[in-house]
Amino acid sequence: MTLSRRNFVMGTTAIALTAPATIGRAQTDNIKFASILDLSGGLDIYGAPMAETTKMAIEDINAAGGLLGREVELTMYDAQSTIQFYTQYATQAAAGDKAHTVHAGITSASREAIRPTLARFKTLYFYNTQYEGGVCDYNNFCTGSTPAQTVAKVVPYAMNKWGKKVYIVAADYNYGQITAQWMQKFVAENGGETLDVEFFPLDVTNFGPTINKIQTAKPDMVISALVGGAHVSFYRQYAAAGMLKEIPIASTTFGVGNEQKLISAEEGNGIIASYGYFEGADNPVNTAFLERLTAKLGADRPVMNELAIRSYEGAMLWAEAVKAAGTADRDPVIEALRSGLTYNGPSGPVTIDAQTNHCSMNVYIGELQDQTWNIVESFENQPPADTQLVCDLVANPNQSTFLFENGLAAAGIE
Amino acid sequence: MDLVVAVLFQLVYGIANLALISLGLAIIFGMMRVINLAHGEFLMLGGYTVVVATNAGVNIWIAMLILAPLVVGIIGVIVERLLIRWLYGRMVDTLLATWGLSLLLIGLVTSIFGASTATTISPPLGIIRLGDYSASGYELFLIGVTIVLFIAVFATLKMTKLGLVARGTMQNPEMSSALGVSTTQVYMVTFGLGAAVTGLAGGLLAPVTGVLPTIGATYIAKAFITVISGGASILAGTAAGSILLGGINGIFAFITGPTIGEVALLVAAIILLRLMPRGITGRFFRKSL
Chain A
1 MTLSRRNFVM GTTAIALTAP ATIGRAQTDN IKFASILDLS GGLDIYGAPM AETTKMAIED
61 INAAGGLLGR EVELTMYDAQ STIQFYTQYA TQAAAGDKAH TVHAGITSAS REAIRPTLAR
121 FKTLYFYNTQ YEGGVCDYNN FCTGSTPAQT VAKVVPYAMN KWGKKVYIVA ADYNYGQITA
181 QWMQKFVAEN GGETLDVEFF PLDVTNFGPT INKIQTAKPD MVISALVGGA HVSFYRQYAA
241 AGMLKEIPIA STTFGVGNEQ KLISAEEGNG IIASYGYFEG ADNPVNTAFL ERLTAKLGAD
301 RPVMNELAIR SYEGAMLWAE AVKAAGTADR DPVIEALRSG LTYNGPSGPV TIDAQTNHCS
361 MNVYIGELQD QTWNIVESFE NQPPADTQLV CDLVANPNQS TFLFENGLAA AGIE
Chain B
1 MDLVVAVLFQ LVYGIANLAL ISLGLAIIFG MMRVINLAHG EFLMLGGYTV VVATNAGVNI
61 WIAMLILAPL VVGIIGVIVE RLLIRWLYGR MVDTLLATWG LSLLLIGLVT SIFGASTATT
121 ISPPLGIIRL GDYSASGYEL FLIGVTIVLF IAVFATLKMT KLGLVARGTM QNPEMSSALG
181 VSTTQVYMVT FGLGAAVTGL AGGLLAPVTG VLPTIGATYI AKAFITVISG GASILAGTAA
241 GSILLGGING IFAFITGPTI GEVALLVAAI ILLRLMPRGI TGRFFRKSL
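Chains as they are written, first to last, in the UniProt record's numbering: chain A, 1 to 414; chain B, 1 to 289.
I should point out that these hints are in silico values taken from the structure, not numbers from a laboratory.
For every residue, glycine included, the Cβ atom is placed at its ideal position computed from N, Cα and C.
Be aware that a few hints might be false.
Unchecked claim - Covered by chain B, according to a simulated footprint, are these stretches of chain A (three or more residues, beta-carbon under 8 Å):
1) 113-124
2) 194-201
3) 232-238
4) 263-277
Stated by the list, open to error - Pairs of lysine to aspartate or glutamate, EDC-like flavour, derived with a Cα cap of 16 Å:
5) A:K165 with A:E189
6) A:K218 with B:D2
7) A:K55 with A:E71
8) A:K218 with A:D196
9) A:K218 with B:E262
10) A:K245 with A:D370
11) A:K245 with B:D132
12) A:K55 with A:E73
13) A:K245 with A:D220
The following block holds chain A by itself, in its conformation from the complex:
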């Protein structure tokens, strides 16, 4: 970065402005951790478990003596499934609370609403949700899985099991659109054929015409990237028409909002999905984590899914980085994270990939039986290969972009 007069003036002004705040902070001496999630409104099926595990992470950190001898103070904001609250609370967390880190966002739209704000305030940002990939931002760590990690695994697995002809149904917004593109790519790579792709607005509840079309096309399987409460109807109507026994379903979204509990056992049996975590992940950290969670929340606690676990692991990755850096200030913590930091969490080892600020992680394929996911295959240490195609923060750290097409072109997809 060249030092211009404007940069110099802005820099010194910022120091002058933040100096009193630093003194103020020294008095309370807490390290501040802000969380912004949808705890009400349409997205709360995802947000509520994420909030529980975030709270648990901060409790665990404090129970172990806090960080650098200081207590970690959690501030939680409920964005109420409304984008405008994200912007408002992100500004509040960064400028008002002077949070050391903000862990926030469920949909890509919410992330894109606050990412520029947090970059401007130089506030370290974690996005702990599986998404379509493509964020390339020095200040933003994306700990969730991306299509190259999950879609690339579940498509060949399902095709080996069921056959080559695939019918894709997906939600009609950027996650569904982009994921459907990746699905088609992986289907073609594995010698299969995509018969049709259909997109559904998020409030569609009647899937009758689509079920007719699937019956006409006679695929070997259906792959779904449907999202949200209304789309749960698809699985129910599909099973009610007797289709699930004839043409099975694989999905990249079913289960991430614990949808398996919203439908009856026989409506879901045999559905296959792939995530960075299922409760069945076989490691001692996971066993201990689930035991503590049950002890804390009781036997009817929410089922843990990738979003919930990654919220815990995201907080823990940050805590590890603070310990390694010896300070909670942004730049040293980012350096510590990007040094290839690994946290051994319930999902297995999660390692920051310095090229993309995404994570290498274990990926699991699960098959649903009686509302429980049984892990049928697992893959260790999978890199975020899609985002790596287009993003290189090592070569050029001064980036804060969302590459919307997310390497589709680089991967040879129109």
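Starting from the known structure of chain A, fit chain B onto it as the hints suggest.
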């Protein structure tokens, strides 16, 4: 041939589905000129009634056909007594009040049952085979229920004393009151019946859609568009609106895809209301119920 039958079946089901979710709203709006923005939440409460009842071991048919309308009907009466009756004739105020009610109900249900609800109910009927195609027997049942429901509402309004008094009150409250009818009671019963029909619809849809606190939002827009497009007549209007919009939605969804299907439904409604601002029954079948 099988395909034609299967598509026609889905088309009829789509229309019945729309009619089912709209009828309760049409009764309340058509009879009382009250715009009930909590309509979607009444549907949601019907669904929750079925989930809670079946989890407690109640037979699913009793839960859907008796408990859901009963519970939501009672809630409707309570709402009318506490909230709506102070606001008759003030359309914008009822709009705001029922919107607030909708938020309250979502919040209450979320705090009682959580953001997502475990259900174990599945459609209680088997599969219908049509050659290469299959459809859910439960969908056929829903079509049947919708028709029976329309006939029942028609019979109630046309053939019973209650229906006569209700229609009279809606046409001219002062005259009815002068003739010794307790109009407040009529309003209460009508609102309760509208809510009960909505609860029944919500209960019947519980096995085929997700039951979530926020599920009402996905129904409310379509129900309103159907009722407004249909116009003032409760039954003829809802039926005409459902057939037109459901038909267009189903055909376009099958030919192109669900996105265009939804767009076609909305475009059709806009054109229709431009040409017939008072809805279909504002121009045709004006004397009908």
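We went through each hint and held it up to the structure:
1. 113-124: Our answer is that it is violated, as 0 residues pass the Cβ test (under 8 Å) against chain B, missing three.
2. 194-201: Since 4 is at least three, the answer is holds.
3. 232-238: The restraint on the segment 232-238 of chain A holds, since 4 of its residues have a Cβ under 8 Å from chain B and three suffice.
4. 263-277: As far as the segment 263-277 of chain A goes, the hint holds, because 5 residues have Cβ atoms under 8 Å from chain B.
5. A:K165 with A:E189: Judged against 16 Å, a Cα distance of about 13 Å means the pair holds.
6. A:K218 with B:D2: holds (14 Å)
7. A:K55 with A:E71: holds (14 Å)
8. A:K218 with A:D196: Satisfied, since the Cα-Cα distance of roughly 11 Å is no more than 16 Å.
9. A:K218 with B:E262: violated (25 Å)
10. A:K245 with A:D370: holds (15 Å)
11. A:K245 with B:D132: Holds - the C-alpha atoms of D132 of chain B and K245 of chain A are around 14 Å apart, at most 16 Å.
12. A:K55 with A:E73: At roughly 10 Å apart (the allowed maximum being 16 Å), E73 of chain A and K55 of chain A satisfy the hint.
13. A:K245 with A:D220: holds (11 Å)
Hint compliance for this structure: hints 1, 9 are not met, and every other hint is.
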